[in-house]
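Please build the complete structure, drawing on both the sequences and the hints.
Chains as they are written, first to last, in the working numbering: chain A, 373 to 814; chain B, 373 to 814.
For the record, the hints were derived by calculation from the structure and aren't laboratory data.
Some clues are possibly wrong.
Each pair may be met inside one copy or between any two copies, as identical chains are not told apart.
Calculated pairs, BS3-like style, for lysine-lysine (alpha carbon to alpha carbon, straight line, at most 25 angstroms) [said to hold, decoys possible]:
{"hint": "1", "residue 1": "K482", "residue 2": "K395"}
{"hint": "2", "residue 1": "K375", "residue 2": "K425"}
{"hint": "3", "residue 1": "K814", "residue 2": "K395"}
{"hint": "4", "residue 1": "K688", "residue 2": "K374"}
{"hint": "5", "residue 1": "K756", "residue 2": "K688"}
{"hint": "6", "residue 1": "K395", "residue 2": "K565"}
{"hint": "7", "residue 1": "K668", "residue 2": "K688"}
{"hint": "8", "residue 1": "K568", "residue 2": "K668"}
All values derive from a computational prediction rather than experimental measurement.
These are the residues of each chain, in order.
Number of protein chains: 2
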Amino acid sequence: MKKPTALSGFPEWLPEQRIAEQKIIDTIRTKFESFGFAPIETRSVEPLEHLLKKGETDKEIYVLRRLQSTEHDENTNLGLHYDLTLPFARYVAQFRDQLQFPLKRYQIQKAWRGERPQEGRYREFLQADIDVVMERQLPIHFDGEIPMLLHEVLSSLPIPKVQILVNNRKILDGAYQAIGVSDVPTVLRIVDKLDKIGESAVAELLERQAALTSAQAQTCLALARIRTPNASFADAVRALGLRGDTLETGLNELVYVMESLRALPEGTVIADLRIARGFDYYTGTVYEGLMVGHEKLGAVCSGGRYDDLVEGGGTKLPGIGASIGVSRIVGRLFGQGLLTASRPTPTCVLITLPSEEARAEALLLAHSMRRRGINTELFHEPAKFDKQIRYAERKGIPYVLFFPSEGGGFEVRDLRTRVQAPIDANVWTPAESDRVPSLVSK
Amino acid sequence: MKKPTALSGFPEWLPEQRIAEQKIIDTIRTKFESFGFAPIETRSVEPLEHLLKKGETDKEIYVLRRLQSTEHDENTNLGLHYDLTLPFARYVAQFRDQLQFPLKRYQIQKAWRGERPQEGRYREFLQADIDVVMERQLPIHFDGEIPMLLHEVLSSLPIPKVQILVNNRKILDGAYQAIGVSDVPTVLRIVDKLDKIGESAVAELLERQAALTSAQAQTCLALARIRTPNASFADAVRALGLRGDTLETGLNELVYVMESLRALPEGTVIADLRIARGFDYYTGTVYEGLMVGHEKLGAVCSGGRYDDLVEGGGTKLPGIGASIGVSRIVGRLFGQGLLTASRPTPTCVLITLPSEEARAEALLLAHSMRRRGINTELFHEPAKFDKQIRYAERKGIPYVLFFPSEGGGFEVRDLRTRVQAPIDANVWTPAESDRVPSLVSK
Numbered sequence: 373m374k375k376p377t378a379l380s381g382f383p384e385w386l387p388e389q390r391i392a393e394q395k396i397i398d399t400i401r402t403k404f405e406s407f408g409f410a411p412i413e414t415r416s417v418e419p420l421e422h423l424l425k426k427g428e429t430d431k432e433i434y435v436l437r438r439l440q441s442t443e444h445d446e447n448t449n450l451g452l453h454y455d456l457t458l459p460f461a462r463y464v465a466q467f468r469d470q471l472q473f474p475l476k477r478y479q480i481q482k483a484w485r486g487e488r489p490q491e492g493r494y495r496e497f498l499q500a501d502i503d504v505v506m507e508r509q510l511p512i513h514f515d516g517e518i519p520m521l522l523h524e525v526l527s528s529l530p531i532p533k534v535q536i537l538v539n540n541r542k543i544l545d546g547a548y549q550a551i552g553v554s555d556v557p558t559v560l561r562i563v564d565k566l567d568k569i570g571e572s573a574v575a576e577l578l579e580r581q582a583a584l585t586s587a588q589a590q591t592c593l594a595l596a597r598i599r600t601p602n603a604s605f606a607d608a609v610r611a612l613g614l615r616g617d618t619l620e621t622g623l624n625e626l627v628y629v630m631e632s633l634r635a636l637p638e639g640t641v642i643a644d645l646r647i648a649r650g651f652d653y654y655t656g657t658v659y660e661g662l663m664v665g666h667e668k669l670g671a672v673c674s675g676g677r678y679d680d681l682v683e684g685g686g687t688k689l690p691g692i693g694a695s696i697g698v699s700r701i702v703g704r705l706f707g708q709g710l711l712t713a714s715r716p717t718p719t720c721v722l723i724t725l726p727s728e729e730a731r732a733e734a735l736l737l738a739h740s741m742r743r744r745g746i747n748t749e750l751f752h753e754p755a756k757f758d759k760q761i762r763y764a765e766r767k768g769i770p771y772v773l774f775f776p777s778e779g780g781g782f783e784v785r786d787l788r789t790r791v792q793a794p795i796d797a798n799v800w801t802p803a804e805s806d807r808v809p810s811l812v813s814k
Numbered sequence: 373m374k375k376p377t378a379l380s381g382f383p384e385w386l387p388e389q390r391i392a393e394q395k396i397i398d399t400i401r402t403k404f405e406s407f408g409f410a411p412i413e414t415r416s417v418e419p420l421e422h423l424l425k426k427g428e429t430d431k432e433i434y435v436l437r438r439l440q441s442t443e444h445d446e447n448t449n450l451g452l453h454y455d456l457t458l459p460f461a462r463y464v465a466q467f468r469d470q471l472q473f474p475l476k477r478y479q480i481q482k483a484w485r486g487e488r489p490q491e492g493r494y495r496e497f498l499q500a501d502i503d504v505v506m507e508r509q510l511p512i513h514f515d516g517e518i519p520m521l522l523h524e525v526l527s528s529l530p531i532p533k534v535q536i537l538v539n540n541r542k543i544l545d546g547a548y549q550a551i552g553v554s555d556v557p558t559v560l561r562i563v564d565k566l567d568k569i570g571e572s573a574v575a576e577l578l579e580r581q582a583a584l585t586s587a588q589a590q591t592c593l594a595l596a597r598i599r600t601p602n603a604s605f606a607d608a609v610r611a612l613g614l615r616g617d618t619l620e621t622g623l624n625e626l627v628y629v630m631e632s633l634r635a636l637p638e639g640t641v642i643a644d645l646r647i648a649r650g651f652d653y654y655t656g657t658v659y660e661g662l663m664v665g666h667e668k669l670g671a672v673c674s675g676g677r678y679d680d681l682v683e684g685g686g687t688k689l690p691g692i693g694a695s696i697g698v699s700r701i702v703g704r705l706f707g708q709g710l711l712t713a714s715r716p717t718p719t720c721v722l723i724t725l726p727s728e729e730a731r732a733e734a735l736l737l738a739h740s741m742r743r744r745g746i747n748t749e750l751f752h753e754p755a756k757f758d759k760q761i762r763y764a765e766r767k768g769i770p771y772v773l774f775f776p777s778e779g780g781g782f783e784v785r786d787l788r789t790r791v792q793a794p795i796d797a798n799v800w801t802p803a804e805s806d807r808v809p810s811l812v813s814k
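The following block contains the structure:
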């Protein structure tokens with residue numbers, strides 16, 4: 373029997389890493405809830421036709437087949453979802469009559485894409501999404517609330533600073549229209565490659581594939597160069613001589629967003645007109661967050677406004693949201709040894725077992741300590757104390773508790789300081805910081 | 373565009389149900405950690421050959437295929453896991469050098485089976501597993517700790533009482549050998565149908581399919597009828613006149629387990645010799661838990677000891693564990709209206725927005741209340757107060773906060789009592805029980 377091996381693109385973590393990831397998920401969840409976002413989960417699968425309708429990831433979908441099924445014994449072809457936005461849009465349409473709007477939901481779940489794995493790009497990955505969906509009109513207020521919440525969440529995690537870049541699809545659409553571009557989606561897709569292939573290659577593609585003149589291509593590049601930490605981007609766009617209703621609407625919306633975020637630390641949010649985001653369903657504000665010092669990793673959060681994604685049966689159901697790439701963030705930090713947990717177990721105290729006869733009393737003591745909120749293990753057999761202590765040391769359990777030897781009382785040893793002292797086992801409590809493992813970042 | 377519909381076997385919950393499910397998961401997790409079990413997650417997929425090696429669920433596996441892949445461009449066929457035990461066994465073998473033994477882990481994840489959906493039987497479902505794996509020998513201590521932990525977890529949830537039935541495969545194997553049965557697995561599989569088809573049908577199958585004599589079949593049934601709330605089952609087995617080393621080992625192990633659980637309330641754990649569990653990998657103690665009043669739903673938790681499941685490369689790595697069927701439990705309780713959350717949102721306070729001019733101050737106030745641990749929403753537009761209050765009422769938000777009108781101060785209204793009172797917004801705190809939604813069981 374050969375040893376099992378990892379599957380490329382399907383990351384797995386050691387217990388101390390999973391503890392760290394879990395603490396990060398808990399923080400994200402607490403922050404989402406502090407803004408009033410409610411949890412939902414959607415099934416992992418969607419009908420294939422729904423998955424193929426939007427986005428540009430069609431070839432990356434995993435399709436399911438029951439092992440023993442013949443080709444046609446299923447009515448519906450099912451695929452694993454590749455994001456959490458599309459399933460959420462379907463959920464809202466399906467349960468609409470039982471939901472209250474504006475619906476604010478968060479969703480922390482796996483998604484799957486059959487892409488070629490590379491650093492930060494997994495085939496199975498964990499996303500933490502927030503979205504707001506409202507009937508008829510979704511106020512611009514939420515375009516500002518989403519990055520505020522992203523900042524609140526990300527700045528509370530022990531990870532490198534994340535800079536949030538904001539743009540508005542209407543600015544791009546309006547500007548491209550203003551210079552006479554007819555095939556806007558193609559231009560968007562090409563400009564989106566700026567980070568990967570650089571300005572001159574983008575200019576060449578714009579001329580060759582999108583049939584732009586050199587002047588048009590240069591204006592696209594000039595627009596993409598605009599990047600300001602405040603609302604001054606609008607003047608820079610107007611200085612390019614571009615005009616139009618869609619453009620003005622986009623500029624006003626992005627000005628509102630930037631103004632509403634002025635209370636955040638300088639440089640947290642940047643208006644960056646090169647941001648487009650790949651998915652076709654965005655219609656206004658778009659977001660992308662980069663981890664400072666790890667920009668090559670790609671976006672660690674992203675999102676935007678989608679006015680037409682949710683099928684409302686006659687009524688519009690516009691939405692806006694963002695997704696935090698939990699696996700991408702922790703995968704990088706684990707990989708570089710920048711993040712872990714202080715120990716690979718939740719256990720705070722190991723009760724040593726002196727003899728088989730003491731087991732019943734030891735079980736009762738363990739029970740009462742757990743009731744007092746102390747994570748407690750009882751060693752499983754009356755082995756030599758050295759062996760029991762070594763087990764605690766290997767697992768990083770901070771305290772070991774000893775039963776009374778003749779004439780004495782219970783004692784606790786702190787394995788880090790090696791100080792051992794008598795205690796009253798019914799009231800003893802560990803230092804608050806030792807109760808559960810903590811995050812350790814470097 | 374027709375409204376999306378549910379997919380049979382893929383349950384989804386409303387926000388208030390998901391909040392309830394999440395609280396149940398949190399409780400399970402806290403209890404698992406209080407016993408020193410560490411979290412891990414495994415990838416959702418395993419190589420198909422690994423999934424087919426054990427168990428009897430082969431035809432229920434979902435196999436993955438990339439939408440655009442040709443038949444043979446992948447080296448490995450992947451399937452979604454159908455339980456969490458097999459992936460865990462593979463994980464232990466793979467990461468063995470980086471793990472500390474005895475390894476105590478918990479794992480709360482989805483699993484998938486392409487079975488025909490029916491009540492309590494889903495195609496996608498959430499499981500909460502605990503397992504202990506140790507090198508060479510796994511002390512019998514853990515056979516008693518697992519049901520103790522199951523009881524501790526399940527009795528702390530707002531669900532009907534769960535009765536835990538325990539047996540030992542060695543008793544069945546030993547007893548069947550003692551009466552001269554040659555094909556033990558077939559007999560096990562037939563006796564396992566007792567609850568579904570009854571004694572006379574089982575007897576008939578034993579004679580027809582397993583070639584047992586009528587007397588042999590009757591002894592199998594007599595054994596399966598033994599059911600005691602204490603260790604007295606052993607005398608009942610011996611009274612059947614059965615003898616043998618394997619049988620004695622099994623009886624002694626089950627006696628130990630029952631004795632070690634004497635501190636639990638009477639009737640919590642029952643020695644029930646009809647319990648076999650379907651998976652082939654169990655080698656000793658087996659568990660099955662039934663929710664009182666909902667026995668027809670099937671097991672809501674189950675598990676057992678597997679001495680040979682983890683590939684140790686020469687060294688044995690015996691394990692024991694159990695799985696709580698979270699989806700089966702909450703699906704039943706949601707379906708019968710027996711469980712929900714007190715509100716469909718985590719929000720505790722809605723700050724009303726009196727005017728656009730007040731927005732900056734309202735944002736700051738919301739921020740400071742969140743910092744004080746109060747889940748706070750700010751209404752998104754300066755609509756009429758009636759509209760803002762109606763939104764809070766529809767979502768079940770308990771408190772609404774009003775900005776000062778001329779000459780006054782901040783005020784808070786409790787929407788349940790309709791009492792409104794002036795407050796100092798910087799120090800006001802809600803009743804502790806209102807901070808987050810609570811579980812409501814009927």
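How the hints compare with the structure:
no. : hint          : result
1   : K482 <-> K395 : both (17 angstroms within a copy, 20 angstroms between copies)
2   : K375 <-> K425 : between (41 angstroms within a copy, 15 angstroms between copies)
3   : K814 <-> K395 : within (16 angstroms within a copy, 33 angstroms between copies)
4   : K688 <-> K374 : between (56 angstroms within a copy, 15 angstroms between copies)
5   : K756 <-> K688 : between (71 angstroms within a copy, 23 angstroms between copies)
6   : K395 <-> K565 : neither (35 angstroms within a copy, 43 angstroms between copies)
7   : K668 <-> K688 : neither (38 angstroms within a copy, 45 angstroms between copies)
8   : K568 <-> K668 : within (9 angstroms within a copy, 59 angstroms between copies)
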